[in-house]
Amino acid sequence: MLTKRIIPCLDVKDGRVVKGTSFVQLRDAGDPVELAAYYYRQGADELVFLDISATPEGRDTLVDIVERISKEVFMPLTVGGGLRTTADIRRMLNAGADKISINTAAVLTPNLITGGAEKFGSQCIVVAIDAARVANDSKPRWEVYTHSGQKPTGLDAVFWAKRAVKLGAGEILLTSIDADGHRAGYDIELTRAISEAVTVPVIASGGAGNLEDLYEALVDGKADAVLAASIFHYGMYSIRETKEYLAKRGIPVRL
Amino acid sequence: MENRAIVIIDYGAGNLRSVANAIAKLGYQPRVVNSPKDVLAARTIILPGVGAAADTMAALKKLKLIEPIKQVIAENRPFFGVCLGLQILFDGTEEGGWHECLGIFRGRVRKLPAGLKIPHMGWNQVKQKIAHPIFKDVPDNANFYFVHSYYADPEDKSLVAGETEYGIPFCSALAHKNMVATQFHPEKSGEHGLQMYRNFIEFARQAK
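Sequence lines, in order, name chains E and D. Mapping of the first sequence onto my numbering: position 193 corresponds to residue 193, and the numbering continues sequentially without gaps. Mapping of the second sequence onto my numbering: position 133 corresponds to residue 133, and the numbering continues sequentially without gaps.
All clues stand as given, with none of them false.
In the DMTMM-like style, the derived pairs of lysine to aspartate or glutamate whose C-alpha atoms are separated by at most 25 Å in a straight line are:
| id | chain 1 | residue 1 | chain 2 | residue 2 |
| --- | --- | --- | --- | --- |
| 1 | D | K117 | E | E212 |
| 2 | D | K117 | E | D156 |
| 3 | D | K127 | E | E244 |
| 4 | D | K25 | E | D31 |
| 5 | D | K25 | E | D64 |
| 6 | E | K248 | D | D140 |
| 7 | D | K25 | E | E67 |
| 8 | D | K61 | E | E118 |
| 9 | D | K70 | D | E100 |
| 10 | E | K222 | D | E165 |
| 11 | E | K119 | D | E94 |
| 12 | E | K71 | D | E191 |
| 13 | D | K62 | D | E95 |
| 14 | D | K62 | E | E118 |
| 15 | D | K64 | E | E118 |
| 16 | D | K117 | E | D220 |
| 17 | E | K162 | D | E95 |
Quick caveat, the hints were computed from the structure, so don't treat them as lab data.
Let the sequences and hints guide you as you build the complete structure.
Structure follows, in structure tokens:
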């Protein structure tokens, strides 16, 4: 049986991991290579790296980091942040990334999804969607935002997810802007709406505060994977205890 | 001399670097090649793959690697096909219409059944159907990392070394003489994956 994936997400700025440095076990918890190796040993199913420096220098640093990580860590790596062209995608894949994630660029130039899928295969094109609930609507509805959640697009999230898949996305990384950072649980309704609308796997992101939240995203939200940052980075839960908890509640996980 | 070199065939597939990194991690020397001459000179060969089978066949054809690959397999040199490197061993694939493949084994590559998320992406269990050196120190039903939308359906079921369930049970590992192939990615499957490459290299070393 296919197991549900538990994915720590590392935000990298100018070559350093931001958020979470409470790992007493690590010499340097800001070093992405060391942190990646730590999560690998703990049994994470995949790692996501997002470059938030959004500068050419930051991206060059990330290529170097991915190269170093892929020599030590033998698990799937997804890299995103500021990738705009198929040349950018190729560079990350050649460095050792298995998948790349595109967000703003996918909305601005949907052809990038198709071009990437044709050149490298759908399986490595993750379309990241940041969505926020539209207030005062009779029916629940979510709008897609770009530029790190700053810019509303007018696009309906369910519509965009379906279109992204049609264009060639092999996976959707879905973040609820409303829930992100609040540690009060994922937006379950949004997660389920997207997961039921598309035929590709959906990673739920934004809002994880405890293990029950992960369970709900997987069961009620029908997500195929859950991504979290702070609950892992600040050492609230280890990957191992997360998986043991989920296994106890009947979720198939890789232990 | 060359004995520690493990030849990895490069036809432009994305994940080749990960395979090379895994081989290097085990203390062997990966040698990435894309010429007929280098393939024909190889003693131990890995054919990685990711993407679409038709593209892989087209790329191999363009590089004039089809005949050399068939030849090294016919000569029973140790060979490890990964993902598409397993699928293209069969007669053909239904991916994007019908595309002929290498035809080493009878059978076709079919789309995974509808109703489940496609691609089949993530960690899933491999049930070991036969005892084989490739499984040394790998527990039965260990999890490996998969990412694919099509699966190989061999006519000769005795080829099946490992089986995985996703809607249907399918052949996730095969073994025949000095050949092995996996639908999953050992280079992305943690310590068990590395162990399978280690086993393959040891198996190749002892192969006649």
